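Asks: With the hints as constraints, model all of the structure from the sequences given.
Numbering (my numbering), first residue to last: 1404 to 1847.
Think of the hints as simulated: they come from the structure by calculation, not from any bench. In this text, all values refer to a predicted model and were calculated from it rather than measured experimentally. Note that beta-carbon positions come from the ideal geometry of N, C-alpha and C, so glycine has one too. Please note: incorrect hints may appear among the correct ones.
The list that follows gives simulated cross-link-like pairs (lysine-lysine, DSBU-like), each with its CA atoms no further than 30 Å apart [as the list claims (entries may be wrong)]:
id, residue 1, residue 2
1, K1488, K1739
2, K1746, K1772
3, K1687, K1761
4, K1729, K1714
5, K1761, K1831
6, K1831, K1741
7, K1742, K1586
8, K1831, K1687
9, K1826, K1586
10, K1753, K1826
11, K1746, K1761
12, K1631, K1746
13, K1570, K1515
14, K1785, K1714
15, K1753, K1782
16, K1741, K1488
17, K1772, K1761
18, K1826, K1714
19, K1488, K1406
20, K1714, K1570
21, K1406, K1586
22, K1729, K1761
23, K1631, K1488
24, K1409, K1631
Computed Cβ-Cβ distance ranges for the label pairs, DEER-style [what the hints assert, rightly or not]:
id, residue 1, residue 2, range
25, R1791, N1429, 42 to 50 Å
26, Y1808, E1829, 30 to 38 Å
27, S1719, N1429, 48 to 56 Å
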Amino acid sequence: MNKLPKVVIVGRTNVGKSSLFNRISNRTKSIILNETGVTRDYLKDAITHDGISFDLIDTGGLCAQAEHDSILAAIRTQALGLIEKAQVVVFVVDGTIGILPDEQELAKMLHKLGIPVVLAVNKVDVKETQENLYQFDRFGFEHIVPVSATHGTGISEVLSSVTDILKERPLEEEEERVRPEYKVVILGKPNVGKSSLMNILTQDERSLVADQAGTTRESIAEPIVFEKSTLELVDTAGVRRKKTIKTDIESLMVKSSLASVRTSDLILLMVDANEGQLSDQELKLAFYVFEQGKALILLFNKSDILDDYEKERLDSELEKYLFFIKRLESLTISCKSKKNLHKLLPLVEKIWHRYNLKIPSDELTELFKRMLMRKPLFKNEKKLELRRADQIGTAPMTIKLSVNYPQYFGDRELAFFENILRKNYELKSVPVIINVQAPKKKHY
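Replies: Written out as structure tokens, the structure reads:
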């Protein structure tokens, strides 16, 4: 299957690339702050305009200081790699400043590569931009569009210029977009290996990787195909404790990651096995995932550097949380040595099928009634009886119990039925929601 043409947004840091991306994609997807270098990993969205579909890609800013900073250097390398694969480049400049040497060098490179360019001169709503517009003719690009990413001025002209260029491409190069069946989110604290795992599973340098914690700032998604299923894999920013969040951008990063959980189906919670324990924060994240009704797999990364003593210590620490962990599938992996990574996607697929398990009502009712005969439930000297059990939802599994005294069914009673389910069906890593109600009265 051919891929959609790539339209890549490039430019210096803080010229309005992410604002333009958000305006075109009609969403607040990129984190926007008045701070240099906010975007790091590239973002991608499928856009259709005038009957032409393409992937719009927002890249990190190209910065003159890249050679002195490992992350900036990685951003630059990633952006330049995307430019070489692009069918069209949208080159964004700040019209209030005029032409800078870095931009002259980028313009020369784009001419040399022969890639069609739409030059978007941003901040046209400011007087200085209108005075500087004539300068940008020196770049020698055919398509020059004054825009205001903030106010939406010139956006349709940018899109029309892009699609005019793409219309010259052969029609057979277009693809029909495959909608992912489910969404898998990689979650964890900073620097536990989330981006490394993303790159391995997508077989691409999709996420920036550096020793510095907090390299990934925004949730980024990529579709991958495993066997006959298409899933969307999402890499998230590291989730920090509230008291360690020091800046606005760190706060937005955490909100973005937790929002990804709420819109997901399955979570891969990555833990640094080298730390020898599951931290309180990671345990809270695991509970949060289940509370949101999402499937959950625990991944212990960096397991290849543990000696026997450290492995025993980790096992001992995990026993403290056995009441919860016994409900989860877990896998010890190493993104560095690739240990056990071949087992991950088959496990994900297995959990996805569990998450969508459907049990017939007659089967459920018969099972629960049989267990209640063996171990009756009483509360306030009243015998609690089940009339009927129905599964009313999947992903997550949701069970409705019709009972004689719904007001007496508390956490202990609901746990009784959940434990029956988990003993009789393979439901590891899958949350179960149980509701109770009085039987409906028959009207004659």
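Asks: With a cut-off of 30 Å on the C-alpha distance, tell me whether K1785 and K1714 pass.
Replies: The given pair, whose Cα atoms are some 49 Å apart, is violated under the 30 Å limit.
Asks: Against the 30 Å threshold, does the CA-CA distance of K1753 and K1826 hold or violate the hint?
Replies: Within the cut-off at roughly 18 Å; holds.
Asks: Tell me if the straight-line CA distance from K1631 to K1488 falls inside 30 Å.
Replies: holds (27 Å)
Asks: Is the hinted pair K1831 and K1741 satisfied, with a Cα-Cα distance of at most 30 Å?
Replies: Holds - the C-alpha atoms of K1741 and K1831 are around 24 Å apart, at most 30 Å.
Asks: Does the structure keep K1631 and K1746 at a Cα separation of 30 Å or less?
Replies: Given pair K1631, K1746 holds - Cα atoms ~16 Å apart, limit 30 Å.
Asks: Do the alpha carbons of K1746 and K1761 lie within 30 Å of each other, as the hint requires?
Replies: Satisfied, since the Cα-Cα distance of roughly 25 Å is no more than 30 Å.
Asks: Holds or violated: K1761 and K1831, Cα atoms, limit 30 Å.
Replies: holds (15 Å)
Asks: Next pair to validate is K1742 with K1586; report whether the Cα-Cα distance is within 30 Å.
Replies: OK: K1742 and K1586 at ~24 Å, within 30 Å.
Asks: When you check the alpha-carbon spacing of K1488 and K1406, does it fall within 30 Å?
Replies: Roughly 11 Å between the alpha carbons, so the hint for K1488 and K1406 holds.
Asks: What's the verdict on K1826 and K1586, does the C-alpha distance respect the 30 Å limit or exceed it?
Replies: Status holds; Cα separation ~27 Å.
Asks: Between the alpha carbons of K1729 and K1761, is the straight-line distance 30 Å or under?
Replies: Holds - the C-alpha atoms of K1761 and K1729 are around 22 Å apart, at most 30 Å.
Asks: Going straight from one Cα to the other, do K1729 and K1714 come out at no more than 30 Å?
Replies: Holds - the C-alpha atoms of K1714 and K1729 are around 18 Å apart, at most 30 Å.
In summary, the numbered hints that this structure violates are 2, 14, 15, 20.
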